[in-house]
Each structure stands twice: as structure tokens, then as C-alpha cells.
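Engineer: Given next are the chains, with one letter for each unit.
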Amino acid sequence: MKKILIAVVISALPAFAFAQQNNIGTCGWGAKLFDGQSGVVPQVLAVTTNGTSGNQTFAITTGTSGCTQDGVVKSSWKTAMFIDGNKDRLARDMSIGNGETLDSLAHLIGVREEDRASFGRTMQANVSVIFPSGSTTDDSVVALKQVLRSDRELAQYATSI
Amino acid sequence: MSLLPRPWWVFLCFCLFAPCIAHAAPYLDELIGRSRELRLSEQREWHRLMHYTSNLVTPGVHGLADSRRFYLAPDGKTDPRSELEATLAAFFSDVQETDKEQNPQCTFIARFRWLDGQLGFDPARLKKQTCKRFNEWRETLNPQGLTLVFPAASLNNPSSMYGHTLLRVDAKDQNEKTRLLAYAINYAANTNETNGIAFAINGLFGGYPGTFSMMPYYLKVREYSDMENRDVWEYELNLSPGEIDVVLMHVWELGPIYFDYYFFDENCSYYLLELLEVARPDLDLTSEFKWWAIPSDTVREVVKKGLVRKTVYRPSNATVIRYRLELMSPNERALVNPLARGRASTADAAFTDLRAESQARVLEVSYDYLNYLRASKSPVEHPDELARNLLLERSRVGASSDDPPVPVPAVRHDQGHGTSKFAVGGGRRDGLNFVELHGRPTYHDLMDPEQGYVRGAQTEFFDLVVRDYSGGVGARVEDFTPLRIVSVAPRNEFFDPLSWNISVGWSRRRLADGSEPLVFNVNGGPGLAWTVPDTLRSNALVYAFLDSTLQASTRLENNYALGIGPGIGALIDLTGRWRAEPYVRAQWFFAGDTDTAWTAGLRQRYTLDREWALRFDISHEHQEKQSWNTVLLSLHHYF
Numbered sequence: 001m002k003k004i005l006i007a008v009v010i011s012a013l014p015a016f017a018f019a020q021q022n023n024i025g026t027c028g029w030g031a032k033l034f035d036g037q038s039g040v041v042p043q044v045l046a047v048t049t050n051g052t053s054g055n056q057t058f059a060i061t062t063g064t065s066g067c068t069q070d071g072v073v074k075s076s077w078k079t080a081m082f083i084d085g086n087k088d089r090l091a092r093d094m095s096i097g098n099g100e101t102l103d104s105l106a107h108l109i110g111v112r113e114e115d116r117a118s119f120g121r122t123m124q125a126n127v128s129v130i131f132p133s134g135s136t137t138d139d140s141v142v143a144l145k146q147v148l149r150s151d152r153e154l155a156q157y158a159t160s161i
Numbered sequence: 001m002s003l004l005p006r007p008w009w010v011f012l013c014f015c016l017f018a019p020c021i022a023h024a025a026p027y028l029d030e031l032i033g034r035s036r037e038l039r040l041s042e043q044r045e046w047h048r049l050m051h052y053t054s055n056l057v058t059p060g061v062h063g064l065a066d067s068r069r070f071y072l073a074p075d076g077k078t079d080p081r082s083e084l085e086a087t088l089a090a091f092f093s094d095v096q097e098t099d100k101e102q103n104p105q106c107t108f109i110a111r112f113r114w115l116d117g118q119l120g121f122d123p124a125r126l127k128k129q130t131c132k133r134f135n136e137w138r139e140t141l142n143p144q145g146l147t148l149v150f151p152a153a154s155l156n157n158p159s160s161m162y163g164h165t166l167l168r169v170d171a172k173d174q175n176e177k178t179r180l181l182a183y184a185i186n187y188a189a190n191t192n193e194t195n196g197i198a199f200a201i202n203g204l205f206g207g208y209p210g211t212f213s214m215m216p217y218y219l220k221v222r223e224y225s226d227m228e229n230r231d232v233w234e235y236e237l238n239l240s241p242g243e244i245d246v247v248l249m250h251v252w253e254l255g256p257i258y259f260d261y262y263f264f265d266e267n268c269s270y271y272l273l274e275l276l277e278v279a280r281p282d283l284d285l286t287s288e289f290k291w292w293a294i295p296s297d298t299v300r301e302v303v304k305k306g307l308v309r310k311t312v313y314r315p316s317n318a319t320v321i322r323y324r325l326e327l328m329s330p331n332e333r334a335l336v337n338p339l340a341r342g343r344a345s346t347a348d349a350a351f352t353d354l355r356a357e358s359q360a361r362v363l364e365v366s367y368d369y370l371n372y373l374r375a376s377k378s379p380v381e382h383p384d385e386l387a388r389n390l391l392l393e394r395s396r397v398g399a400s401s402d403d404p405p406v407p408v409p410a411v412r413h414d415q416g417h418g419t420s421k422f423a424v425g426g427g428r429r430d431g432l433n434f435v436e437l438h439g440r441p442t443y444h445d446l447m448d449p450e451q452g453y454v455r456g457a458q459t460e461f462f463d464l465v466v467r468d469y470s471g472g473v474g475a476r477v478e479d480f481t482p483l484r485i486v487s488v489a490p491r492n493e494f495f496d497p498l499s500w501n502i503s504v505g506w507s508r509r510r511l512a513d514g515s516e517p518l519v520f521n522v523n524g525g526p527g528l529a530w531t532v533p534d535t536l537r538s539n540a541l542v543y544a545f546l547d548s549t550l551q552a553s554t555r556l557e558n559n560y561a562l563g564i565g566p567g568i569g570a571l572i573d574l575t576g577r578w579r580a581e582p583y584v585r586a587q588w589f590f591a592g593d594t595d596t597a598w599t600a601g602l603r604q605r606y607t608l609d610r611e612w613a614l615r616f617d618i619s620h621e622h623q624e625k626q627s628w629n630t631v632l633l634s635l636h637h638y639f
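Those sequence lines, one after another, are chains H and Z. The numbering used here numbers the first residue of the first sequence as 1 and each following residue consecutively. The numbering used here numbers the first residue of the second sequence as 1 and each following residue consecutively.
Any given hint could turn out to be false.
Simulated DEER-style distance windows between Cβ atoms [what the hints assert, rightly or not]:
{"#": "1", "chain 1": "H", "residue 1": "SER75", "chain 2": "Z", "residue 2": "ASP116", "range": "41 to 51 Å"}
{"#": "2", "chain 1": "H", "residue 1": "PRO132", "chain 2": "Z", "residue 2": "ARG44", "range": "58 to 68 Å"}
{"#": "3", "chain 1": "H", "residue 1": "PRO132", "chain 2": "Z", "residue 2": "LYS305", "range": "36 to 46 Å"}
{"#": "4", "chain 1": "Z", "residue 1": "VAL411", "chain 2": "H", "residue 2": "SER76", "range": "37 to 47 Å"}
{"#": "5", "chain 1": "H", "residue 1": "ARG112", "chain 2": "Z", "residue 2": "GLN144", "range": "12 to 22 Å"}
{"#": "6", "chain 1": "Z", "residue 1": "ASN175", "chain 2": "H", "residue 2": "SER76", "range": "17 to 27 Å"}
{"#": "7", "chain 1": "H", "residue 1": "SER75", "chain 2": "Z", "residue 2": "PRO241", "range": "22 to 32 Å"}
{"#": "8", "chain 1": "Z", "residue 1": "LYS304", "chain 2": "H", "residue 2": "SER75", "range": "50 to 60 Å"}
Some chain Z residues flagged as far from chain H (calculated, every beta-carbon gap over 12 Å) [stated by the list, open to error]:
{"#": "9", "residue": "GLU30"}
{"#": "10", "residue": "LYS127"}
{"#": "11", "residue": "THR178"}
{"#": "12", "residue": "ASN190"}
{"#": "13", "residue": "PHE205"}
{"#": "14", "residue": "ALA375"}
{"#": "15", "residue": "PHE494"}
{"#": "16", "residue": "PRO566"}
{"#": "17", "residue": "PHE639"}
These aren't lab readings, by the way, just hints derived from the structure by calculation. All of these numbers come straight from a predicted model, not from anything done at the bench. Each residue gets a CB set at the ideal place from its N, CA and C atoms; glycine is no exception.
Kindly generate the complete structure, drawing on both the sequences and the hints.
Structural biologist: See the structure below:
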């Protein structure tokens, strides 16, 4: 029941609300998403998917470029970037309830040691919600936030996404 | 104070960077004077920071950086002193930092730090800039350590035939479980070239700009582990916090700079060594690599110099799948392929009858295997939906598979045999005795001891065999092969790679009159390989190639010969040290100088230790209706 509720909330959630909450509308290419186009993070990361390139995005000392600043990911983007860059591994770890990629995500959003077990269980129970079929990274980021928010213990971590 | 003699362009730089020239000039003069007294421009630190290297023939040095922006003086690339003085002048600039521009003190922050340490800049007379962008960058990296990362060789990627190295900046708040979040510093040829041959040629002659870039380590792990299936070794370095800071400052300086990228010497591995030398100027890592810098050799050097604190092994996706398939029961294994390809369902009795741990194992391996298929572009229908269903099923299984992690290999990539080889041998060929000298600068052939190398991957450059025959024939070059690459990759129900081989060089060919000219030879072709009798884990590897040959020589009829034919054989490890390879190769030369040529033989190797091996080869050859036997015993030394 809870899952269905969450799914309803997510599908109803306009993308711009997420953008405003996270103040990421200012991030370079990010503007595109909020004009009603889809897939901001995939655009940002398109350069990295074929492996060797990506020098443009990650060049050092080039100032602001999309979601990076002088070669490092801006803090407002790091979770979205991580999820986009690790989709397959992250979904896998979530379905198992633990693993290196899930540990790294937990660390990234500041999940404390004592909440790790419950974080793992919650992720395992909600893998279908966080990675709905045909989902984009944006969908997953929004869904992850919602899943955390609707869990009493983990709600505190929703704000750091 | 009298003005020191200075070239005119110091004033020019100075004018560009510092409108307040009138106030600063005396202090600049003073600093330049002191730098000359202290002979700072002759110091090793300065040379390291500026990437100066000694000229090959003439006296003096030249800088390796190829962007104009790196050397501030017009003759800075060859004159360390004039560069140092131009740098001091630039530090007086009052340019304010913006998103696109920095003050020279920040642009060249490692130089500033070092010169400040040597000369003790007076903040009242030389205003220190805050370098906000650098500070924020450093804060994000939050460095605690540096790790040298070494992905194994990949024959199917021409830029990685020998492997690759990069540097990882480990943050203070990370641990072994969260290293994915670290940043990687990568030096690579900056090109979108997809044509392997064009890439190789340009790479050989410095045709691409090499640049440093930074990216989250998880992107590199995905590239190596999931997309290219290369195992990775990580070497944690024991640098001090101060040394790490110098490396980062210097990387910051190199951000917008390019170097001409050369495959063999000035490559990724070479420049990472230079970075470490900047951190610890007393260290000499690069002088070993004047001519070529093979990643595994550079890693050996770093290990040898005592820079490594700890090593970590990161198996690739394919390695993990292989290992877990081996652990599986036949019932479990039989489900993986059908599930990953959507030909079986988790509702089938074969799956539902399994215990929960078994189900977890089957689902995890099936999902990983599906990802492998996707990465290797194998046709799978609706892969996303399949993947998602496997994950949903897995999330419903509460149990854990509890499979142990992939065991760490006993020998690391940097612990195999030396990459250069020299061999002496003696034998008898067609009734004549001979002694043989055999040299090969790099890297590995299939009969060399395999530990530390990628199984089935042979890469050799400039292999030369010279023999001195009895019976009046005398000394001659028997074979010279500048390039030989062989990839023998076994197939089974899960993995279906193609094998291939190519060699280019000169070898002896028997003619009808009995003479044996040295003939230019291009040979190669596709093939298939399997381990037998168990396709998952046996020690015997059987291969079959379909090779073509083009020979060219004025001694041949019509000056050429074109042939085709099979090459079959087996690599059999009788013990850990003893390998045997029976083989048969035939070529039907149907155009040009026609002939039917074939060879059958048995090669054997016995490993004595890491640096020595014995070989015993026997063969029977048939060319131009003549045939003869060869026996060769040789001792191989790796260094």
C-alpha cells in the first residue's frame, strides 16, 4: 500500500517542484529539464557513457561547466550524478540490500552507521519504486527522495539529496 | 638598488600582469637577485615543476609541456632561469580571480608555493592572493592519500595493449567501502578517433594532445569493470600530507596544459611518475623510461622505490561472473543463460525448487551476466525489462547467497616476469648445427610464464632472432618481427569472444633452388578457442585460426605470394611451471609464388623462476617440396 502511495505521489510530482526544492535549476544544461524537456542528468553525463571521453566536462581549472566546477562535481549534483553513473550497479545492490555502490550512496547522503541496516532494507523493499520501468535518472532521484521521506527513520536523509 | 640586467620581455610580462609596476619593480629586482644568488633555477624542484628534461645530444634542457601557456617567458621552454624570473614577475599581477580567469599566483600555485618557500615573499611588498577556486577544489577533494590505479591490459583496445595507469585522490572521510566516491586524475590522449589504426599511428608520433582530467572514480570503475572487463589493481601510496598537497597543486597547474602524447614514452604512465617526482623531488622514477614506459614497468618502479603501502584487487564484472559460475552447482548454472536471455522464467519449477540462497545466487549472476551481454553488445531482446524483472525477483528473496569474494591472485600485474627478454640457445636445423641469440624489448608471448599477465594475450614488439650456423652458412637474421599480437580467448556457453592474431615482419622462406631469403611477411586472421575438457575451468586451451599471409620479396616469383590456411594448436599446462604447445599450421600460397607450406611442432616451456625459463622446441617444416626438422633448446632471461 505504501509503495502504491509513493508511486502515485511521484507520478503527480511536477518536475519543477523538485528543481526548486533542490535549487539545481541553475546548473548549466539543467535548465533544459525544467522547460519541460526530459533527462537533464543523462545529458550532463552523456559524455561519460562511452568511457574515455568526458574531458570537456571534467577538465581541471576550466571554471563552471554544466554540473562541474573546475573538474569536480558540484555538491548539489553529486547524488544525481552518482545515481546516473552507477544505475546498473546501484539497482543491483539495492535488490540485494547491500554492496559497494549502495554503501557509497549511503555515505554520499550521510546515512549514519546505525541507520545503514534499515537503509539497506528500505532500498531492497523499494527497488521497483526507485527504478520504475523505463525510468530516467531524474525519476530515480525524485523517487529515492520520496522513499526516504516516507520512512520515519530515514526521512532525515531526504534533504541531502 | 641598481636594476639587474634583465631581458626586455620580463618587463613585457610584467606590464601584462602588473599595472602597478612602479611600486613593485624594486622588490622584484630584489627577488630576482636572491633567486640568482641561491641558483634556484638550477634546482631539481624547479626542473621537476617545469617538466624540464635534458636534451638528448646538445647540452641544456627542454620542457615537455607543449602549450604556450605553461612557460611564461618566450624562451622559458629551454631557459629555466629566464622562466623563473618571468614567473616571479607574473606573481605581482593584480588580476582578480573570476570563473574563467585566475591570478598567476593561483594558476601556478605549486610554483608560487615553492618559490615562496625558497625566497620568503614579503606580504607587504608582494600581495598574496587567496585563490578561492583552488581552495574550494581542494576542499571538495579533501585529500588523505593518493592511490595508483592500474587496470590490466586489454588487447581489444589499441590504447590499452599494455594497460593504463591513473591516480586516485582518496578523501579523508572515505574508506575501502566508499572508494567509488574518490576522484581519479587521468592523463590521456585527447581524441575522438575511433579508427584503431589511425589512433595507433598518431599515438606513436605524438599526434594527439595529452591532457589531465578529473572525474569521479566510479566512472572509471564502470569503464574498466563493466564495459571493458579489465581487472584493476590499486596501489595505495605512502605520501605525506605535504607531498599530496604538492601533487594536487601541480595537477591544478597542469589543468589547461597539454603535452604531445606519445604511446611509448611520454604516455599516461610516464606523466604520473613525473607527478610523483614533483611531490618528492629526491625521487628518481622517470630516468628508467627514456625510450618506453610500459604501465606495468612504471608500477614496478613505484613499488621498488618503496612508495606503496597497500594493494587492493578489484575484479572485473566478467571475472566475478566466471568465478561465481565455477562455484555454482550444475542446476544453478543451467538457469543463468536462459534467465539472462529471457528464455526461462522465475516461475519455472527448476527455479522455484531451489533453496532461497541458491535463488539469490542465480538471480545475481544472471543479472550480472545480462549486464555483461549488454556491455558486449550481444543481442538480447528487451534487456531493460529483463534486468528489472531479475532485480525485482532478487529483492523478494530475503536470503543472501553468501558467496565468498573472488580470491586475490597470488601474483599482481607488476609481479610477473620482466617485460624485456633475452635468450641464448642452440640446436640443429636441416642437418646444420646453430647457436641462437634472441631478444625482445617487450612484452609477453603465450609460452612465457603467465603469472601476472592476462591469459591468452600476447603482445610483442621488435622480436629479433639471429643464428650462427655451422657448415659454411654463417650468421644470419632468422626472423625479425616488429609487431606480433595474439589474442586467444576461450569460448563457452556464457562467453563467445573471437580470437585473432596479427604479425608483421621478416622471416626466412625456402625457395625451389634451396636458398632462403628473408621475406617480408604480414600474417594473421580470426580464430576460435575453447578450454577442454571442461569449458569453464580446464588448464588446456585449444585454438583454431584461419590465417592469411602476404609475402613480398624480389626473390619471389612475381615478387609476392598470397596464401591462406589453418593454424591449430593447444596450450596445455602440465604443471604450474611446465607448458606444452603442440601445433600445426599450413598455408596454401595460391597467388604470386605458389606453394604449399606447412609446419608441425611441439613447443615446451619450463619456468625456473620469475626471471628464467627453459624452452625446448621441435618442429617439422615443409616448403617447396622440401622438408626438414629443427630442434632448439634455449634459456630465456626476463628483465
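Engineer: Hints first: check each against the structure and report whether it holds.
Structural biologist: Quick rundown of the hints versus the structure:
The beta-carbon spacing between SER75/H and ASP116/Z, approximately 30 Å, falls outside the hinted interval of 41 to 51 Å. Our hint of 58 to 68 Å for PRO132/H and ARG44/Z holds, since their Cβ atoms are close to 59 Å apart. PRO132/H and LYS305/Z have their C-beta atoms about 52 Å apart, which leaves the hinted 36 to 46 Å range violated. Range check, VAL411/Z to SER76/H: about 45 Å between beta-carbon atoms, so the 37 to 47 Å window is met.
The beta-carbon spacing between ARG112/H and GLN144/Z, approximately 20 Å, falls within the hinted interval of 12 to 22 Å. Hint check: ASN175/Z to SER76/H, Cβ distance near 25 Å, so the stated range 17 to 27 Å holds. Taking 22 to 32 Å as the suggested C-beta distance range, the pair SER75/H and PRO241/Z conforms, at roughly 23 Å. As the Cβ distance of LYS304/Z to SER75/H is approximately 40 Å, the hint placing it in 50 to 60 Å is violated.
Every CB of chain H lies more than 12 Å from the CB of GLU30/Z, the least distance being 31 Å, so the non-interface label holds. Consistency note on LYS127/Z: stated as away from chain H, and its beta-carbon is indeed over 12 Å from all of that chain's, at 21 Å minimum. At roughly 4 Å, the least C-beta separation between THR178/Z and chain H is not larger than 12 Å, which violates its mark as non-interface. A Cβ of chain H approaches the Cβ of ASN190/Z within 12 Å, the least distance being about 5 Å, so the stated non-interface status is violated.
No Cβ of chain H approaches the Cβ of PHE205/Z within 12 Å, the least distance being about 20 Å, so the stated non-interface status holds. At roughly 9 Å from the closest C-beta of chain H, the C-beta of ALA375/Z falls inside 12 Å, breaking its exclusion from the interface. With a minimum CB-CB distance of about 18 Å to chain H, PHE494/Z clears the 12 Å threshold, and the non-interface call stands. For PRO566/Z, the requirement that its beta carbon stay farther than 12 Å from each beta carbon of chain H is met, with the minimum near 35 Å.
Non-interface call for PHE639/Z relative to chain H: holds, since the shortest CB-CB distance, roughly 32 Å, exceeds 12 Å.
Of the numbered hints listed earlier, those contradicted by the structure are 1, 3, 8, 11, 12 and 14.
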